[in-house]
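Protein chains: 2
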Amino acid sequence: MSLKVLTESILPAIEYELQRQVARLDEPRTRPFYEMLTYHLGWTGEGASPEASGKRIRPLLLLLTTAACKAGWKPALPAAAAVELIHNFSLVHDDIQDKSDLRRGRPTVWKKYREAHAINVGDSLFILAHLSLSELKDKFTAEVALKAEAVIDRACLDLTRGQYLDMSYESQSGLTIQDYWPMAAGKTAALLSACTQVGAILGNADESTQEAYRDFGHYLGLAFQVHDDYLGIWGDNALMGKSTDSDLVTGKKSLPVLYGLGKNGLFARRRDEGPVSAEEVRTLAEQLAREGAKAFTQETADQMTDLALQSLRQANPQAEAGEELFELANQLLNRQS
Amino acid sequence: MSLKVLTESILPAIEYELQRQVARLDEPRTRPFYEMLTYHLGWTGEGASPEASGKRIRPLLLLLTTAACKAGWKPALPAAAAVELIHNFSLVHDDIQDKSDLRRGRPTVWKKYREAHAINVGDSLFILAHLSLSELKDKFTAEVALKAEAVIDRACLDLTRGQYLDMSYESQSGLTIQDYWPMAAGKTAALLSACTQVGAILGNADESTQEAYRDFGHYLGLAFQVHDDYLGIWGDNALMGKSTDSDLVTGKKSLPVLYGLGKNGLFARRRDEGPVSAEEVRTLAEQLAREGAKAFTQETADQMTDLALQSLRQANPQAEAGEELFELANQLLNRQS
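Here the protein sequences line up with chains A and B, keeping their order. For what it's worth, the working numbering labels the leading residue of the first sequence as 15, then goes sequentially. For what it's worth, the working numbering labels the leading residue of the second sequence as 15, then goes sequentially.
If you're looking for bench data, these hints aren't it; they were derived computationally from the structure. Check each hint, because a few of them may be wrong.
Reference listing, derived: stretches of chain B covered by chain A, where coverage requires no fewer than 3 residues with Cβ under 8 Å from a Cβ of chain A [said to hold, decoys possible]:
{"hint": "1", "region": "123–137"}
{"hint": "2", "region": "162–170"}
{"hint": "3", "region": "209–219"}
{"hint": "4", "region": "245–252"}
{"hint": "5", "region": "327–339"}
Dumping the calculated DSSO-like pairs for lysine-lysine here, alpha-carbon to alpha-carbon at most 30 Å [unchecked claim]:
{"hint": "6", "chain 1": "A", "residue 1": "Lys-69", "chain 2": "A", "residue 2": "Lys-153"}
{"hint": "7", "chain 1": "A", "residue 1": "Lys-125", "chain 2": "A", "residue 2": "Lys-266"}
{"hint": "8", "chain 1": "B", "residue 1": "Lys-126", "chain 2": "A", "residue 2": "Lys-153"}
{"hint": "9", "chain 1": "A", "residue 1": "Lys-151", "chain 2": "B", "residue 2": "Lys-151"}
{"hint": "10", "chain 1": "A", "residue 1": "Lys-113", "chain 2": "B", "residue 2": "Lys-151"}
{"hint": "11", "chain 1": "A", "residue 1": "Lys-266", "chain 2": "B", "residue 2": "Lys-151"}
Ideal Cβ placement from N, Cα and C applies to all residues, glycine included.
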């Protein structure tokens, strides 16, 4: 693993900017509310740690893109904070919707503070993202600030659409692989593609370079999600560690599951019979692999990865930032958990 | 009641603009999601009607203010739609948080579609508000568009702060009247004051006029909330119609309740003993009035009303729009339910 000099200097700046933006909420009277946000962001409370904060992939992607366009990344920090706040807004609400008890090894916001407060915490994170974006006008023209914001808001609307599909698929039958892409595009690719597009806009890239970066983020998001779906069934955690986390148990309509259902074989028949127990996970994962879903998912992830890297090469990213963008993409797409 | 010519022409334009903005979500694949929003907005589904849509007070206030600054109100329509969408975002989430079954006589979104979808519906309304605001740049300078948006986002942050206080007060004791104002300012006054301030900004008013309009909205919001608190105990609905709606039963920490608790008299002692039943509502409301809360609440509402009208006069609103702004204020502050 190489020393990622730029990344190492960007990460603390992201954290500082996030803290500055969230501090808008820090008033004596509403201190406990503010602390719900700092808890979720991994800064305070039991288990606070860099691991509890997450990897800050989205703001990093945005700022590396700006730098790879040969512009300074510091002026883009409010946009970087905004995309991370939006990501966290969606996580807080998602955890309520999925009734998830844990997030990055700690109790989720709704579990710790009840649903009513968690809804409000998510809302405030989303609003803080917009207040953060409103600071772009101090470093960029008002037109550029508005363009960046519109890109992000359109991605957010796609996010809610993807979330709707994800939730409605749970109870829907007869779904096919074609139903997968709009969900994955909304839930994962939309925000990542907004990160790289906004990074390019703030890096003053020309229109075709902006599009190449947008496509890079889009395919990176799809590749990431497909890889995630692969790990959700054949990853170590799903097979051995906590097999209750397996997508086969949760019933998630992931890409390999949709593939298997479409085959109408033994896997599909077993699924039709009702919930899958943790004990069955290994056998059923093997069956699904025999029906071709494992190879198909791996090939699809590879395809999306190729498209992502192809778009990135087309964007022609410059200097260290460019190299570190390639490294970040590889790191995301080769993770084992 | 006079003919409000301007208001009558503005209201259908608001509805049309709202429909246009929400239509961003209307795609075949996510049609049922879109229909959750149109249901909530009173356009479709069982019980759809103008009454189910609400009174559109916030966008009306914004557009009348723009017109009262002698500017055309039509270019401000995207901002008007935005404040109404934000109001409805907060209602949808509020109904989940309060576990309210009915809104404007119909099942609430979470009751009809479950909580997970209702969270997503609220989120999408908030995002649509921002996409609506992003259209302001087509009619105003980018700087003006950004200023309007920042005013609205700051109000939204106050809204979440007020919501936090409202929820945390439920389980807090030892609260006084001083605790009331930050809650009411956040929950009710913040958005109304953003409406009038943004109306003035888009009406190209000078700085001091913008401030006068902002103050008008602020005090109008406080007067509205105090009046609402009055009706919540001594209004017809609370006393006779559906006495389970009485703030004495729900336990809401409204202004008269905080006043009564501060008196440490019979009312406070009864409250200390636990939940109040619908049968006790009339007697307890009379007791609270005897302890001075009714007169105090009425006086406070009158004071806030005076401050609102004083600010409005200072803003010097012009022509029909000005007259209709006064009428709208009076209508809001004299309603009986």
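Okay, the hints, checked on the actual structure:
{"no.": "1", "hint": "123–137", "in the structure": "holds (count 7)"}
{"no.": "2", "hint": "162–170", "in the structure": "holds (count 5)"}
{"no.": "3", "hint": "209–219", "in the structure": "violated (count 0)"}
{"no.": "4", "hint": "245–252", "in the structure": "violated (count 0)"}
{"no.": "5", "hint": "327–339", "in the structure": "violated (count 0)"}
{"no.": "6", "hint": "Lys-69(A) to Lys-153(A)", "in the structure": "holds (26 Å)"}
{"no.": "7", "hint": "Lys-125(A) to Lys-266(A)", "in the structure": "holds (22 Å)"}
{"no.": "8", "hint": "Lys-126(B) to Lys-153(A)", "in the structure": "violated (46 Å)"}
{"no.": "9", "hint": "Lys-151(A) to Lys-151(B)", "in the structure": "holds (14 Å)"}
{"no.": "10", "hint": "Lys-113(A) to Lys-151(B)", "in the structure": "violated (40 Å)"}
{"no.": "11", "hint": "Lys-266(A) to Lys-151(B)", "in the structure": "violated (42 Å)"}
Against the hints set out earlier in the document, violations occur for numbers 3, 4, 5, 8, 10 and 11.
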